[in-house]
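Trainee: Those sequence lines, one after another, are chains A and B. The opening residue of the first sequence carries number 1 in our numbering; numbering runs sequentially from there. The opening residue of the second sequence carries number 1 in our numbering; numbering runs sequentially from there.
Don't read these hints as lab results, they were simulated from the structure. Note that this is a predicted model, so its numbers are computed, not measured. All C-beta atoms, glycine included, are put in the ideal place defined by N, C-alpha and C. Worth double-checking, as some hints may not be accurate.
[Unchecked claim] Residues from chain A that face chain B, not an exhaustive set, calculated with beta carbons under 10 angstroms:
1. N61
2. I163
3. G266
4. T311
5. K314
6. D338
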Amino acid sequence: MLRTAGASGNAATRTAGGVRTRGWLERLILSEYLVFYLTTAYFLAVWPIVPEIATASSLSNMLTDMLPLLVVAIGQTFVLIVAGIDLSVTSIIAFASVVGASVMTADGGYLGGSPLAVPAGILTFLLIGGLIGWFNGFCCTRLGMPPIIVTLTGLMFLSGTAIWYTTGHSETSSIAGLPKAFVLIGQGSAYGVPNALWVALAVGISAHLLLGHTVFGRWLYAIGINRKAAEISGVPVGTAILWTFVISGVCAAIASILFTGRLETGTPVLGQRILLDIIAAVVIGGTSLAGGKGKIVWTVGGVLFLVVIDTSLKLLGMSLFVVFAVKGGVILFAAIIDAMRQRIIMRG
Amino acid sequence: MRKIEPRVSRRSFTVGALLAAGTAGLPIMVKAQEGKTVALLFDSLVSPFWVSGIEIMRAEAAERGWETLEAISDFDDNRQFEQVRAMIEREVDGILIIQTDANAVIPAIRAANEAGIPMVHFNRPPAESDAYSVAIQADNRKIMQDTVQFLVDEAKAMGGTYKACILIGDLGDVNAIQRRDGFFDIVDQHPDLIEVVARVSTEWNADKAFAGLTNALQANPDINFLVTSSDFLHPQIEQALKIAGKWHPRGEEGHVLFGGFDGDEGAYQRLIDGYLDACGVQNLFLEVDMAFGAFEDLWAGKQVDKLLLDPGFVITAANLEEVRDQMWGYIVWQQQQ
Numbered sequence: 001m002l003r004t005a006g007a008s009g010n011a012a013t014r015t016a017g018g019v020r021t022r023g024w025l026e027r028l029i030l031s032e033y034l035v036f037y038l039t040t041a042y043f044l045a046v047w048p049i050v051p052e053i054a055t056a057s058s059l060s061n062m063l064t065d066m067l068p069l070l071v072v073a074i075g076q077t078f079v080l081i082v083a084g085i086d087l088s089v090t091s092i093i094a095f096a097s098v099v100g101a102s103v104m105t106a107d108g109g110y111l112g113g114s115p116l117a118v119p120a121g122i123l124t125f126l127l128i129g130g131l132i133g134w135f136n137g138f139c140c141t142r143l144g145m146p147p148i149i150v151t152l153t154g155l156m157f158l159s160g161t162a163i164w165y166t167t168g169h170s171e172t173s174s175i176a177g178l179p180k181a182f183v184l185i186g187q188g189s190a191y192g193v194p195n196a197l198w199v200a201l202a203v204g205i206s207a208h209l210l211l212g213h214t215v216f217g218r219w220l221y222a223i224g225i226n227r228k229a230a231e232i233s234g235v236p237v238g239t240a241i242l243w244t245f246v247i248s249g250v251c252a253a254i255a256s257i258l259f260t261g262r263l264e265t266g267t268p269v270l271g272q273r274i275l276l277d278i279i280a281a282v283v284i285g286g287t288s289l290a291g292g293k294g295k296i297v298w299t300v301g302g303v304l305f306l307v308v309i310d311t312s313l314k315l316l317g318m319s320l321f322v323v324f325a326v327k328g329g330v331i332l333f334a335a336i337i338d339a340m341r342q343r344i345i346m347r348g
Numbered sequence: 001m002r003k004i005e006p007r008v009s010r011r012s013f014t015v016g017a018l019l020a021a022g023t024a025g026l027p028i029m030v031k032a033q034e035g036k037t038v039a040l041l042f043d044s045l046v047s048p049f050w051v052s053g054i055e056i057m058r059a060e061a062a063e064r065g066w067e068t069l070e071a072i073s074d075f076d077d078n079r080q081f082e083q084v085r086a087m088i089e090r091e092v093d094g095i096l097i098i099q100t101d102a103n104a105v106i107p108a109i110r111a112a113n114e115a116g117i118p119m120v121h122f123n124r125p126p127a128e129s130d131a132y133s134v135a136i137q138a139d140n141r142k143i144m145q146d147t148v149q150f151l152v153d154e155a156k157a158m159g160g161t162y163k164a165c166i167l168i169g170d171l172g173d174v175n176a177i178q179r180r181d182g183f184f185d186i187v188d189q190h191p192d193l194i195e196v197v198a199r200v201s202t203e204w205n206a207d208k209a210f211a212g213l214t215n216a217l218q219a220n221p222d223i224n225f226l227v228t229s230s231d232f233l234h235p236q237i238e239q240a241l242k243i244a245g246k247w248h249p250r251g252e253e254g255h256v257l258f259g260g261f262d263g264d265e266g267a268y269q270r271l272i273d274g275y276l277d278a279c280g281v282q283n284l285f286l287e288v289d290m291a292f293g294a295f296e297d298l299w300a301g302k303q304v305d306k307l308l309l310d311p312g313f314v315i316t317a318a319n320l321e322e323v324r325d326q327m328w329g330y331i332v333w334q335q336q337q
């Protein structure tokens with residue numbers, strides 16, 4: 001039962017009177033892969049307007065643009081499945097960026113010039129993400145605080161702390177001079193595949209297996225569908241929720257590594273403007289804000305959809321205000337589709 | 001229950017065909033441009049300086065027969081990097097960029113270098129690197145020195161001693177640092193005349209500027225010499241001085257010697273009203289001309305220096321009519337009138 005929660009879209013094709021064939025629109029709306037169809041349709045629609053969108057280099061750019069966003073959105077998917085939300089992810093990205101950079105930078109970093117700089121720097125990123133995630137989870141589960149309050153205040157605190165930290169470690173507003181080996185994680189490639197893609201694949205496959213093929217994953221869906229029932233059934237609800245925040249924090253830290261490597265700079269405002277993109281990508285993919293429903297492949301679709309829209313608007317030279325308006329419209333459209341989907345399912 | 005057949009009806013085929021035809025026709029509407037295409041990549045349009053800047057650029061580009069593509073990154077370095085790559089895909093002829101961070105823009109410069117597309121930084125130079133680009137920048141330090149020197153001369157002429165306050169910008173911005181240094185270059189030469197009692201860090205944030213200046217005026221009610229690193233903070237300065245009972249025009253008892261920087265329309269208004277004594281003006285028209293000239297030189301294969309300086313000028317009540325046509329804020333002010 002818990003497994004089908006992740007794919008509840010096609011659940012109600014039978015009625016008491018027998019089999020009812022759904023219309024193509026209903027089947028489209030109920031499809032798990034609606035976002036992929038929408039992405040394809042949008043891509044084909046804008047292709048004649050901006051032919052550059054279909055060039056090999058543009059497609060390659062789109063792929064690399066979506067990877068850091070995908071990694072952080074994967075972490076958010078875990079939290080949303082248990083009906084939580086993590087608003088602190090962008091501040092984790094920023095804070096981890098400057099602290100990790102301060103360890104590695106050749107301009108007076110704690111381990112600048114040392115062969116240990118890169119491994120220690122990466123470990124710092126991951127530790128920061130994990131610890132902040134753990135703290136968020138602890139406040140939500142052990143202290144009973146609402147996730148929105150914990151992570152929103154965390155967002156404010158960490159954003160300010162990141163700027164304060166940078167002023168103490170750099171003459172400028174960012175930390176540069178990062179080792180080449182670290183920068184290559186965000187920019188380089190291995191076997192013709194961008195390193196960032198290897199990282200995102202590792203995160204995505206691990207997350208997919210964790211959610212879909214482990215008891216822990218089933219716990220998460222059970223908690224999202226009915227927390228009380230899960231508790232009575234013996235699911236360690238508090239511990240499981242706490243771990244979703246740790247996963248979210250670590251994913252944000254990995255995204256921070258990709259962003260920081262890409263820009264060759266640790267900056268305290270890194271990722272500060274993408275919070276809406278992260279949540280929108282997950283929800284557009286089909287993960288429910290109410291919990292109990294979500295898949296990693298859906299999140300991939302949501303991120304892809306947003307990145308295709310974003311890229312097309314950039315290629316058109318649209319102003320940021322148009323980009324915001326279009327994105328807002330798309331998110332509203334996704335919410336309407338979701339509402340329609342629920343109505344169709346309820347109707348049977 | 002009605003069964004819906006999943007087939008393509010004549011009506012849906014007609015609608016689909018019309019949509020496809022319309023979509024296919026769109027490229028004709030946006031067909032390849034004549035002349036050069038330049039991308040204008042701003043990080044924000046939060047102050048009149050940038051709004052005027054982009055308007056002057058559009059007008060100048062149109063005059064030269066160039067097309068422009070615009071994008072705003074909303075202070076997001078990663079987004080700006082992606083915008084640069086998108087403009088490279090569009091095969092623009094030049095990229096004019098106003099980056100948020102001097103270090104984080106380096107990969108974008110490298111990408112433009114690899115694509116063979118000239119990049120010009122407007123008003124903010126990048127950090128030192130092996131990547132090649134041209135930066136147009138006001139000679140902030142010199143302009144601020146000249147502005148403060150005028151105020152010092154005024155102070156000497158009026159007599160007495162002065163308690164000074166400076167509103168400093170974001171110290172991550174090289175412009176802010178240079179303006180601060182220009183202020184101290186002059187003030188430090190006159191320790192008997194001027195004592196700096198307050199350094200307000202604004203981080204280019206109007207709220208912080210207001211709070212900081214209010215606190216400074218409470219702690220030092222005898223402040224009578226004030227310099228701001230940007231004119232966009234004038235409304236907050238006016239409010240704070242009014243609360244402190246120090247908002248008086250030249251010639252009135254209690255007038256605070258007041259110097260500005262940028263040359264916006266508010267500064268022009270305060271100059272003619274007598275509240276502002278001097279303003280260091282960035283010659284926006286000249287800077288746009290220099291930026292576009294750099295593109296032309298680079299397209300022609302000429303070598304252009306990595307940093308080109310706008311000497312700017314100081315405007316005061318004495319030379320107002322003589323130099324105001326070069327002050328971008330005056331043009332905005334005229335339009336508002």
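Trainee: All hints are to be evaluated individually against the structure, with a verdict given for each.
Mentor: Taking the hints in turn, this is what the structure says about them:
1. Restraint check, A:N61 versus chain B: the minimum CB separation of about 5 angstroms is within 10 angstroms; hint holds.
2. Among the interface hints, the one on A:I163 holds; its C-beta lies about 8 angstroms from the nearest C-beta in chain B, closer than the 10 angstroms criterion.
3. A distance limit of 10 angstroms between C-beta atoms decides the matter here; for A:G266 the minimum to chain B is near 9 angstroms, and the interface restraint holds.
4. Of the supplied interface hints, the one on A:T311 holds, with its beta-carbon coming within about 7 angstroms of a beta-carbon of chain B, less than 10 angstroms.
5. Nearest Cβ of chain B to the Cβ of A:K314: about 4 angstroms, under the 10 angstroms cut. The hint holds.
6. At about 22 angstroms, the closest approach between the beta carbon of A:D338 and any beta carbon in chain B exceeds 10 angstroms, and the interface hint on this residue is violated.
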